[in-house]
Amino acid sequence: GENVEQHPSTLSVQEGDSAVIKCTYSDSASNYFPWYKQELGKRPQLIIDIRSNVGEKKDQRIAVTLNKTAKHFSLHITETQPEDSAVYFCAAGPNTGFQKLVFGTGTRLLVSP
Amino acid sequence: EAEVAQSPRYKITEKSQAVAFWCDPISGHATLYWYRQILGQGPELLVQFQDESVVDDSQLPKDRFSAERLKGVDSTLKIQPAELGDSAMYLCASSLVSGGNEQYFGPGTRLTVT
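As you go down the protein sequences, you meet chains A and B in turn.
So for the first sequence, the working numbering puts the first residue at 2; every next one is plus one.
So for the second sequence, the working numbering puts the first residue at 1136; every next one is plus one.
Derived by calculation from the structure, the hints in this document are not laboratory data.
Here the structure is a predicted model, which is why all the values come from computation and not from measurement.
Careful, some of the hints might be misleading.
[Stated by the list, open to error] Which chain B residues face chain A? A few, computed with CB under 10 Å, are given here:
#1 1175
#2 1193
#3 1233
[Stated by the list, open to error] Here are the simulated lysine-lysine pairs, DSSO-like style, with alpha carbons at most 27 Å apart:
#4 A:69 <-> A:43
#5 A:59 <-> A:38
#6 A:69 <-> A:38
#7 B:1213 <-> A:43
#8 B:1146 <-> B:1197
#9 A:38 <-> B:1146
#10 A:58 <-> A:72
#11 B:1197 <-> B:1213
#12 A:43 <-> B:1146
[As the list claims (entries may be wrong)] Chain A regions said to be covered by chain B (calculated; three or more residues, Cβ under 8 Å):
#13 89-100
#14 103-109
Note that CB positions come from ideal geometry on N, CA and C, so glycine has one too.
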C-alpha cells in the first residue's frame, strides 16, 4: 500500500521568510496530492491540491510542486505570516475510485513576528 | 457554509466500556470517512463508506470497532470494549464522491480511555 513520508516535523521561520515542506510517496499509482492545514484545536482544511497531470500549482502565497519520477511533492509558502502557524499535512491517493488517501505525519510550522 | 457535524466533542471512558461517536456529513456527500488521529501524527483511515456500503475497512480493528451508515447519510462508530490505546482524536470527513475530491472534516471527538 501507499506510504507517505513528510519532512521536517517542525519548522520555525521569521515572518516574511519562505517555508518549504517536503513529502515523498511510494505508490506510483497515486495521482492526487492534497495539502491540509490544521490550526490548533480546529479541523483540517484543504489549502491546495495537485494532480499528476501538472507539475506545479500556485494560489497566491502558496504553491505546490510535483515530481512524479522521483515520487515527491512539496509545499511552498512565501512571505509567511503569523496566521500561517499551524500543522500542515500532505497526502497521496487516487484521482478516482475508492482507494484511500494516505496522510503524512505532519509539519508544525511556527512563524514568529 | 455547510459543515460536517460530530458528537460528542469530548469523551472520557474507562477501559472495557463501550463508546459511540456520531457523524453527520455535508448534505449530498456520498462518501464518508472515519479517521483516527494520534497526537503528533496524521489522520489514519479506519473506514470509508460509499453511500451505505463499506468500501475500505482494512485498518479497522474489527474485533472491537464497528461502523455503520444505515441510510447512507449519518454514521456511527462504536468501540466495545475500549482499550487504553484507543485514546485519540476521531475525525469524520465527507466528500461529494471518493477519489481526488476535497474531504471536509468535522471537529472531531477526542477520546480519553482511563
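Let's test the interface hint: is any C-beta of chain A closer than 10 Å to that of residue 1175 (chain B)? holds, 7 Å
Tell me if the straight-line CA distance from residue 69 (chain A) to residue 43 (chain A) falls inside 27 Å. Judged against 27 Å, a Cα distance of about 32 Å means the pair is violated.
Taking the closest Cβ pair, is residue 1233 (chain B) under 10 Å from chain A? At about 5 Å, which falls below the 10 Å cut-off, the nearest Cβ of chain A leaves the hint on residue 1233 (chain B) intact, so it holds.
27 Å limit on alpha-carbon distance, applied to hinted pair residue 38 (chain A) and residue 1146 (chain B): holds, 25 Å
Pair hint residue 1213 (chain B) and residue 43 (chain A), alpha-carbon separation not exceeding 27 Å: holds, 23 Å
Just to be careful, I want the Cα atoms of residue 59 (chain A) and residue 38 (chain A) compared with a cutoff of 27 Å; is the pair within it? Distance of about 16 Å is within 27 Å: holds.
Verify the coverage statement for the stretch 103-109 of chain A against chain B, using a C-beta to C-beta distance below 8 Å and requiring 3 or more qualifying residues. holds (count 5)
Is residue 1146 (chain B) within 27 Å of residue 1197 (chain B), Cα to Cα? Answer holds: residue 1146 (chain B) to residue 1197 (chain B) is near 21 Å, not above 27 Å.
For a C-alpha distance cap of 27 Å, please report whether residue 58 (chain A) and residue 72 (chain A) respect it. Between residue 58 (chain A) and residue 72 (chain A) the Cα gap is close to 17 Å, so the pair holds against 27 Å.
Take the shortest C-beta to C-beta distance between residue 1193 (chain B) and chain A; is it under 10 Å? Constraint on residue 1193 (chain B) satisfied, holds at 8 Å.
Tell me if the straight-line CA distance from residue 43 (chain A) to residue 1146 (chain B) falls inside 27 Å. holds, 17 Å
Decide if the proposed pair is consistent with the structure: residue 1197 (chain B) and residue 1213 (chain B), CA atoms, cutoff 27 Å inclusive. holds, 10 Å
Of the numbered hints given earlier, the model fails hint 4 alone.
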